[in-house]
Structures are given as C-alpha cells and as structure tokens.
Amino acid sequence: MVEPLVAIRGLSVSFDGLPALRGVDLTVGRGEAVALVGESGCGKSVTWLAALGLLPAKARVSGSVTLEGTELIGAPPAVLDRVRGGRIAMIFQDPASSLNPVHRIGRQIAEALRLHRGLDGRAAREEARRLLDQVGMPDARRRLDAFPHELSGGQNQRVMIAMALAGRPEMLVADEPTTALDVTIQAQILELLAEIRRDTGMALVLVSHDLGVVAETCERVCVMYAGRIVEETAADKLFTGPAHPYAQGLLAALPPMTGPRRPLAAIPGGVPEPWAMPRGCAFAPRCPRRAEACEAAPPPLAEVAPAHRAACLYPGAAAVVSPVPAMVPA
Amino acid sequence: MSALLKAEGLVRRYEMRRGWFGRPVEVRALDGVSLTLEHGRTLGLVGESGCGKSTTGRLVLGLETPDEGRVTFEEQPLPAPGTAEWRRLRSRMQMVYQDPLGAMDRRLSIGAQVAEPWKIHGRQTSPEQVAALLRSVGLRPDHAAHYPHELSGGQRQRAVLARALATDPALLVCDEPISALDVSIQAQVMNLLSEIQAERGVALLFISHDLRAVRQMSHRVAVMYLGRIVEEGEPDAVLHDPAHPYARALVSAIPHPQRRGRRIVLQGDPPNPAARPAGCAFHPRCPVASARCAAEIPVLKPRADGRLVACHVAHGEIPAGSGLPAPTLAKAA
Ligand SMILES: Nc1ncnc2c1ncn2[C@@H]1O[C@H](COP(=O)(O)OP(=O)(O)OP(=O)(O)O)[C@@H](O)[C@H]1O
Ligand SMILES: Nc1ncnc2c1ncn2[C@@H]1O[C@H](COP(=O)(O)OP(=O)(O)OP(=O)(O)O)[C@@H](O)[C@H]1O
Ligand code: SF4
Ligand code: SF4
Ligand SMILES: [Mg+2]
Ligand SMILES: [Mg+2]
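Protein chains in written order, with numbering that gives the first Met the number 0: chain U, 0 to 329; chain V, 0 to 332.
Everything labelled a hint here was simulated from the structure, so no lab data went into it.
It is possible that part of the hints are untrue.
As the list claims (entries may be wrong) - From the derived model, a few chain U residues whose C-beta atoms are all more than 12 Å from chain V:
| hint | residue |
| --- | --- |
| 1 | L71 |
| 2 | H115 |
| 3 | L263 |
| 4 | A290 |
Claimed, not checked - Here are a few chain V residues that face chain U, going by a calculated C-beta distance under 10 Å:
| hint | residue |
| --- | --- |
| 5 | A186 |
| 6 | M189 |
| 7 | E194 |
| 8 | I195 |
| 9 | Y245 |
| 10 | A248 |
| 11 | P269 |
Glycine is no exception: its CB is placed at the ideal position from the N, C-alpha and C atoms.
In isolation and in its complexed conformation, chain V is listed as follows (with noise of 0.2 Å):
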C-alpha cells in the first residue's frame, strides 16, 4: 500500500538570541527524522520535552518548511506555506492541539466553529450538516448553540475534533490532545479518535508524552532524543522491550501500580539542542556509553527484528560500556 505521508531527512534549525544584546545562537530543533505513515494508520510519536515531537508535525503539515529535507503527501510534494494549492492540501491534513480552550473562540457558538472550515473552503452548510458533525464525535446537536466556556473540558476537545473532521481529513496531527484534560474524560477522548480511524479511515499521527495513551492509539511508535528518531517499531515490541537505552529509561519511568523499583533513573538533565552532544546525543546520560558514542553518531537502522534502532551497543557493534564522565561544566554565561 502506498505511504499516505512520507518525511525524509527533515533538518529544522531556529536562531534562538539570548538576551537582548546575545549572539543568536542555532538551535537544531530536527536534526534528519523520516517517517512514514500509511492511510488509516497511527505513527505515536513519543520523547521528552523540546525533541522536536512538535516541529515534526509542523513540518508534515507544511506549516513551515524544512531547511533541509522533503515530506510528501499522497506522493505528492508539499506545496510552499500560504499559496492555494497548499491551502487546497491543509483541508486533507488538520491538526488537533493540547489545549482545546485556545484551540477555539470565545465569542463564535459551537456550532459556527465547527462550520467554520466549510466556510473557508467556500462550502454552503446547513444546520443539518452541522448536526451530524456533531453526533459523529458525540455531542448532541444543541450544543451547536453553546459557547466553549459553557462546554466541559472533553466536550470541548470532541468540538475541536469536530471542526478537524469537517473536510474530511486524510490525516490528523494530534498533539498532546489528552494531556489538558482529566483523567475521566481521556478515555473518552482516546475512544473517540479510534472510532473516528475505524469510520473514516484517518490516519494520525498521535503525539504525547504518555507511554500507555501512545500504546492505546498506535499501530507504529517512534521515539525520539534531542531531534532525531532513536528508536522505532510495534508498539509492544518498543514498549515491552526496548532496545535503545533512552527508551528503556523512558519505558522504566512508566508509574506503575504494581511496580516498585527497578526503574532506571537516568543521571543530568535533559539535553540543550543548543549545544547537541557529539556523536550520540544521549551519551552524556546513557549508562552503557563508551568511547566510540562520543565520537561517532549511530544510525538508525534496522536490526535482525525488524525494529529500528540508532545504538552502537543495541546493534553489538560495541560491547555495552559503564557510561562516560560527566563534562566539566561550561561556565555560566
């Protein structure tokens, strides 16, 4: 079957000043990721802060375009930000954001925001239609009346889907979408999205720090350090065994009801993209680091299973070290 998206070699740096007087300063927000996603199919993209999980879906969106790199929709490359082409495009791809009260506006009803993508694509609507919009992501068709802030926390995520679904997307980039919300309605949330792929046969891409939501949504997982895809593949083959050692210390940081010890907790901070290590950017932390993952950047690559994976060690071209020395610190500027 063919790739509904594809991104390859995506590069995406920023100038980031610090200060007013400060020297701009590059920031290497992605640093090369690929990825595929296929029509009615779920990429989870998973990571720590700042990896570049939200440049990506930006950048497959063609809300900005890469330095470097190419993303392709429906085989076709992505149109220049802005032109009418692309426009024509953005109503195949939406996107769902964390928070779903700054997703929307105040002063419009439910019922005109949701319509809204309609009206933009120069569509007549009729109440109707915006009725079984409504009843399709579960809410009831009264609503359309509302204002957001008289909506609860997941009916107001369910109207922003409401509004994504509207033309009828091939794709979704989600965003964080549970995370703002309480521990009650996430479920729904979650149930809604797999209904909605198993009607219409949207394709997501599911971004979130939850390891259990990701496992819950997605058909493939991809993990990623400091603007680059470390490890990838099923979501029980990543999450039960993970072969990179960032994502066995994520994997062990999953609170666990019934587990008590045996996490991994990682040594220093979360990496600057400022100032990205040399060779394999987790190595300052990594407990099995040696020499070479200093010196040489691992690729991402598949293994004997199938899973890809960037570790010198995870692919036995090195024996696994005991971790490298900590850098002395930079002074304080």
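The following block holds chain U by itself, in its conformation from the complex (with noise of 0.2 Å):
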C-alpha cells in the first residue's frame, strides 16, 4: 500500500479527565477527499486541532499523527510552524474568529504570504489579488482593502479559503466550511473546493454534519460516534449499505424528497454523556441490534468488505429507508 499523506492511530484526548476522543484511527491519501460526519460534540474538530497541536496546554493528548512519516503529536514548536498553514492548512469552524476585523483583508493574505512563501510587497499583493480572483471574489483588486466587516458571510468563507490557499498545502482541512452560509452561497463554496482541488490536486479533509454534503464532496467518509470513528467506507457505499446501526440510523432518519410522507424512523435517545459512557459501545443504549456481548467492552474497527470497516459486534446491511427498527429482545 502507498503511504498516506497523513496517518492518525489511537489518537486519544480528554480535558479535565473526560475523554473526548477515544481512539481514533484515520488515513488520508495523496489528493484524496475524505469527510468526517458525527452528531455535535462526537470529537471532529478534536480531532484535527489535536492533529495540528492546536489545543489548549490542559488538553491530554496520546497516539500518532503522522505527515509522511514525521510524527506530529508531541513535535517542537518550530515543526508544527512549519506544517501548519504551510503543508496542511485548516479553515476553522467559526469565521469571526480568524479573520482580524481590524485589518484589510488584503493584508491578512499577504501576511500568510509572506509566513508561507516569503512573499513581500508588490509580490505579496499582487498574489493576494490572484488567490481573491482564484476563491471567486467579484471585484478582487478592490476587495483587498475592504475590512472583513464589509463582506457578505459567503465573501469572508473565500477570504478564508484564500488564505488557506496562500501556502500552496497538500491537505486542507474544512471544518464545517458552509454551515453559517444559505444554501445557494453553499453551492458556490462546494463547487469552488472541488474546483481547487482538480487544479491543484490537494487532498481535503471535509468536517460536516451534513450527509449530503459530504456525498457530493468527498470519496470516502468517516461516521464518527462519541469520540471514535464507527464506519468509514466509500461515501457511495455509506449511502447505499451503511453497516453500523448508528450510519443506518441517520440515514433512515432524513426526510425523504420523495414519496408519501409518514413519521421519520428516528434514533431513540440522545449520545451519552462523556461522563456517563456506557463500557461497551458506546451507541449501545440506542442500538436496536444490541445484545449481551455489545455491553462488555467497545466493538473495534474491523473490516467488513473491503475498504469498509465498522465498529460493530453485529454489522449489518440493512435498507436504506429502512420502517421503524424493530426492538430487539433485551
């Protein structure tokens, strides 16, 4: 097998005692496109803060994170720096608080220039004006000097991209790039990463919780539940034979666009607690496979087909749409 760009094992982390990852296990190839979906809180920006050294100094962190080979958990300051921004870049879930409001933005990408690629001056603006043009952005000459402040929220997300763009990275990582934008602003922002990416041919890491998102953008996908990864498989087979009861559970869960119309095939309860995590499976309270053996300790990763692993002690290909789940005797 070709080495993977960058290889994530057993990565762990908790704050104040509380797991928030609990083992995660993560590749992502060469150009490749990979998403990481998972109901809120489940450990996806963790995971890559973690990765990039990006977490607060409370933050206990172990396992590997490796970029071709250099190990990044636990790297000096002056490697991180250099890999940061430089060969993965990372657009960060909430906008407001990477752009400085008090500085043209146009100066905010010539200042990643000049960190990334030691552009300066002439050199640096003019290249900030070609990334502007490059994300799309009406008017880029004379967007440079506008403050973050007179742009739309679909403008700052390409600022935002642009700067992620200024160090020519391998991999990007999106971390729920298009939640804040209307859905029409969102097309835009999906078709212009796709185009990067043809251009270019970097990799993409896509954070979301949106399914259908991530269908459209990415190869393979990853389903994350309470701090570990359940399934990851080809984003095609995810929607047509998921095998954990949590990815068939949200799948059934979304309202149809078509057909009559009749109550959603919900998942009973809600995610545990980090507190309260059960000793096994960690879906186990919501699982409608559950049985004796799920309760003794988490189910691993393992394959099921080929290039398809599921945490599951009973993975299964259940329909899509399936009716309500059937309980299962206690």
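Fit the two chains together into the complex; they arrive one by one in their own frames, and the hints show the way.
Right, dumping it as structure tokens:
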C-alpha cells in the first residue's frame, strides 16, 4: 500500500479527565477527499486541532499523527509551524474568530504569504489578488482593501479559503465550511473547493454534519460517534449499504424528498454524556441490534468488506430507507 | 373552511445606521407579504438568510406591528401589542425558537418553566397537569425537577414545546425549530410536531432553511426572496418542479447523496435589503433575466395549474433571457 499523506493512529484526547477522543484511527491519501461526519460534540474538530497541535495546554493527548512519516504529536513548535498553514491548512469552524476585524483582508492574505512563501510587498499584493480571483471574489483588486465587516458571510468564507491556499497546502482541513451560509452560497463554496482540488491535486478533509454535502464532495466518509470512528467506507457505499447501526439510523432518519410522507425513523434517545460513557459500545443504549456482548467492551473498527470498516459486533447491510427499527430482544 | 390566520400586504421597514454617525438607511424587511393559514395545517416558509422569514413570524404573532398591511386571527384584526386583549390572544398563538437553551431560564426547573404560561394567565396548576404536559411531548414527569442544562438538546426543545402548548394554542410559529439540534435528534422533534398537530389540530408556520424538513412538515410551502413571496404551492409541486428561477436554484442546491452535478450555482451574493434592486429583486442573480425584469416588478399570481409564482418568464409573459450583466460595484463607503 502507498504511504498515506496523513495517518492518525489511536489518537486520544481528554479535557479535565473527561475523554473527548477515545482512540481515533484515520488516514488521508494524497489528493484524496475524506469526510468526517457525526453528532455535535463527537470529536470532529478536536481530531484535527489535536493533529495540528492547536489544543489548549490542559488537553491530554496521546497516540500518533504522522505526515509522510513525520510524527506531529509532541513535535517541536518549529516543526509544527512549518506544517500548519504550509503543508496542512485548516479553515476553522468559526470564521469570525479567524479573520482579524481591524485589518484589511489584503493585508491578512499578504501576511499568510509572507509567512509561508516568503513573499513581500508588491509580489505579495499581486499574489493576494490572484488568490482572491481564484476563489471567485468579484472585483478582487478593490476588495483587497475591504475590512471583513464590509463583506458578506460567503465572501468572508472565500477570504478564509484564499488564506488557506496561500501556503499551497497539500491538504486542507475544512471544518464546517458552509454551515453558517445560505444553501445557494454553500453550493458556490463546495463547487469552488472541488475546482481547487481539480486544479491543484490538494487533499481535502471536510468536517460536516450534513450527509448530503459530504456525499457530493468526498470519495470516502468516516462516521464518528462519541469520540471514535464507527464506520469508514467509500461515500457511495455508505449511502447504499451502511453497516453500523448509527450510520443506518442517520440515513433512515433523513426526511425523503419523494414518496409518501410518514413519521421519520428517528433514532431514539441521545448521545451519552462524556462522564456517563457506557463501558461497551457507546451506541448500545440507542441500538436496535444491541445484545449482551455489546456491553462488555467497545467493539474494534474491523473490516466488514474490502475497504469498508465498522466498529460493531453485528454489522449488517440494513436497507437504507428502513421502517422504524424493530426492537431487539433484551 | 375559514382561515385561522390571514396576512395581507405586510410591509415592514427598519432603520439601520452604518456606524455611529452614518445616515440611517431604510431596510425593507418585508415588501408586501400575504399568506393564509388554515386550522390544523402547516405552511412552510423557506428562503435565504435575511429574506424576512422571522420578521413575518413576528408580525403574524403581533409582536411587531406592520408599517402597511394587516393581520387577522380568527377573522379579528390583531390588537395592539401590550394591550390586555393582545395578551389574551397571545395565549392562542405561541412561538418556538431555534435555540432551546436561549429560550429557557437557566435558573428555573423544567416544571416551573412549562407551568409559567399558566401562571401568567392566572391559572392554578397541579403537579399532575405538569406531568401530563411533559408526557405529551415525550418527557418523563421526573424531568420537571431538572434544570435546562441537565437535559439533552432534543429534550430541551421538547420542554420548550411543552411550554408553548400549555395554553392550548391554535397557532405555533416555529422559527428554525430543529436547526440547532443534532441530526439524529431532528427527526424526533419533527415527529413530535406532527403528532401534536394530529392530536390538537394546531396550525404551524414552519420556518426553516432545510427543504427536506419543510417537505416533511408542510401542507403548503412559500418561498421568499428579499421580503416577498416569489412562489407558493403544494410542497411536492414546488419542491419537485419549482417554477421561479430562485426556487429552482434553491431546490437544486439541496445536497443529495445520489446526485452529482446538475446543480444550478447562482452567481453573485445574497441581496442587500437596504439596496433592493429595481424591478424583480432577483434579476441581478437570475440566469434567465432579460431587460423587462429590471424594469417591472413581477406580481405573485396563480398560473393555470394554481401555483402562485411571481416571475415574468414563469408566466410566459416574456421568453427566458440569458441573464443581465452585473451592475458595476458601488464605491465602498
Ligand atoms: N477546549 C476544550 N475544553 C474542554 N472540552 C473541550 C474543548 N474542546 C472541545 N471539548 C470537548 O470535546 C468534545 C469534542 O468536541 P469537538 O469540538 O471536537 O466536537 P465536534 O464533533 O466538532 O462538534 P460540532 O459538530 O458541534 O462542532 C466535546 O464534548 C467538547 O465539549
Ligand atoms: N430590528 C431590526 N432592525 C434592523 N433591521 C432588521 C431588524 N430585524 C430584521 N432586520 C433586517 O430585516 C431583514 C429580514 O430579517 P429576518 O430576520 O426576518 O430574516 P430571516 O429570513 O429570518 O433570516 P435568517 O434566515 O437569517 O433568520 C434582514 O435584512 C435583517 O437584517
Ligand atoms: S456493537 Fe452492538 S450495540 Fe454497538 S452498534 Fe453494534 S450491535 Fe449496536
Ligand atoms: S426571469 Fe425575470 S422576473 Fe423571473 S425571476 Fe428572473 S429576473 Fe425575476
Ligand atoms: Mg466542530
Ligand atoms: Mg430568521
């Protein structure tokens, strides 16, 4: 097998003794588009913040994250500085916190160019304009002098993407890049990311809770639940034959766009709190296939078919649009 | 059947100041919105951020008065906000907001919160009544003793619903009731709203940007653009075969597991209500606009099939054009 660009192995993170990640395994190949989906709080953002050394000091991190063989966990700041924004760029979930409100956007992009490519003055400004053009900013030359508050949400998101592209990264981690945007603008941004990938061969990690967005943008999907990856497979495969009951439940609960309208097959209950994590499978309290063995220990992520892994003792190919799941004998 | 709620020609203007010394500019949040809602039915309201969905919700509840137009509830005009008559009417119409935690008082127990409307309206309550109310939204009676932060997101939204239902309202305005919830919880809350509607015959104004959710919940759907309704009809008619070019772009943007491509990607930004384009407000972004679109406002009127649409092309009055050149940018202030 070719060496992946990024390999995450057994990544665990806890805050104040409470586990947020409980052993994440994940690889991203060169040029690949991988999605990370799951409920709020399941650890999607923390996975990448930990990988890039961006968590606060109180976070306890263990496990390994390698970038073409170079270990990033515990790496000296100089190494991480070169990686961040250079080889791996990240667009954060909260765009407002990442653009400086008091600086013109041209200056902010130029700063990223100075940092990662050593460009200065005219060259930086010219390259900043080219980047803004590339991300589809109308009237880019004039917009270099705009402040973030003078731009719309979608335009600010483009600025963020332009800044992320400034270092010509090999991989872009986009954390919910379209959640705050209107659907029509979301469509523009997703189109843009696809285009950039076609042009530059950049790998993309898309963090999202929107299964539809993921399906259209990524080749492979990782589903997270309560700090673990519970299913990993090709995007097409996930939507036609999910194996993990949580992934099956998510798809079945999606309101259909056609056909008769009837009650949705909702997953009962809610996500367990970090301080009340079940000893065995974290999904057990909500799972229609739960059996005694599920409550003994967390099931490992295991192959259920070629290039298709699930963390479930009883993985199954349930129909995607299943009726309300039948209860399993206690 | 008589309409429960009728809004006619609602106009709402806000003044917005740019900076401390800037001249106030007028924002036309609503520019002539009419809608009708029958007992026990759901009208879904969709459209881009800032198009006036929440403003419509506030006006039909009488939380704000329209600058033009009028709202009638059970065939009576809405009384002025704050009057005793309005307060009495308000117990018949309730609002459910997006953020359940923000809608609750963190220091009050769930039991005290859901009983609050009864207290406001001077009614006695018993623990049995509170328990029954909690059960009706799928919570347990012992949840009454809990505080909001001790409940999950879905449970909180259930508690908010319980409170809204305490006074047995005839109308619920649900403003993005599921968008703050986890994906696996959204279906629970949608099912609950449908059950409540079937049991109590309550009418819903369901505001959401999630077109799947709107299809699931609504008997009719209205698509808004920049303060106006541009298309209205049966959910499957509007969502499967939208007639208005904006509705088409919106529907084509629904992310879909099996679809790749075929999406209409609109050029340009969402519009600014403080600088409403002349003629059809959608014309700067419309892929089929032609000269008449920039000059004449299309009226919302029924097509032969009964669908309400506001578009010159959709009504066959002019042939589809190829879009209008983007206006040059106004110099930044
Ligand atoms: N700085 C922090 N201090 C303490 N706990 C944290 C911190 N950052 C994250 N957590 C916790 O770690 C868990 C995982 O958080 P994370 O932000 O990765 O979730 P997420 O999957 O990105 O969710 P969302 O979809 O809401 O963005 C959560 O329980 C969160 O509360
Ligand atoms: N109190 C106010 N003062 C000034 N402008 C306002 C006020 N309330 C609303 N607006 C403006 O009126 C327009 C319509 O706002 P509204 O909140 O109704 O939109 P919306 O469709 O609910 O949007 P969203 O989907 O973002 O919730 C917006 O441009 C908004 O900025
Ligand atoms: S391991 Fe057991 S409880 Fe967990 S998802 Fe699989 S069947 Fe359900
Ligand atoms: S065709 Fe003309 S009237 Fe119809 S939506 Fe486009 S711009 Fe408006
Ligand atoms: Mg996150
Ligand atoms: Mg709103």
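Least C-beta distance between L263(U) and chain V, which was stated to exceed 12 Å: Non-interface label fails for L263(U): nearest chain V Cβ at 4 Å, not farther than 12 Å.
Hinted contact P269(V) with chain U - closest CB pair below 10 Å: 6 Å, holds
Minimum beta-carbon distance criterion (10 Å), E194(V) to chain U: 8 Å, holds
Per-residue hint verdict: M189(V), partner chain U, C-beta under 10 Å: Holds. Min distance 6 Å.
Given hint A248(V) near chain U, where the shortest CB pair must fall under 10 Å: Given a least distance of 6 Å, the restraint on A248(V) holds.
12 Å Cβ clearance of A290(U) from chain V: The assertion about A290(U) holds, with a minimum of 21 Å to chain V.
Closest C-beta approach of Y245(V) to chain U relative to 10 Å, hint status: With Cβ-Cβ at 8 Å, under 10 Å, it holds.
Interface hint compliance - A186(V) to chain U, C-beta minimum distance less than 10 Å: 4 Å, holds
Claimed clearance of chain V by L71(U), with the beta carbon kept past 12 Å: The claim holds: L71(U) sits with its nearest Cβ about 30 Å from chain V, beyond 12 Å.
I195(V) as an interface hint toward chain U, with CB separation required under 10 Å: 13 Å, violated
12 Å Cβ clearance of H115(U) from chain V: Holds: least Cβ distance 28 Å, greater than 12 Å.
The structure fails to meet hints 3, 8 from the earlier list, while all remaining hints are met.
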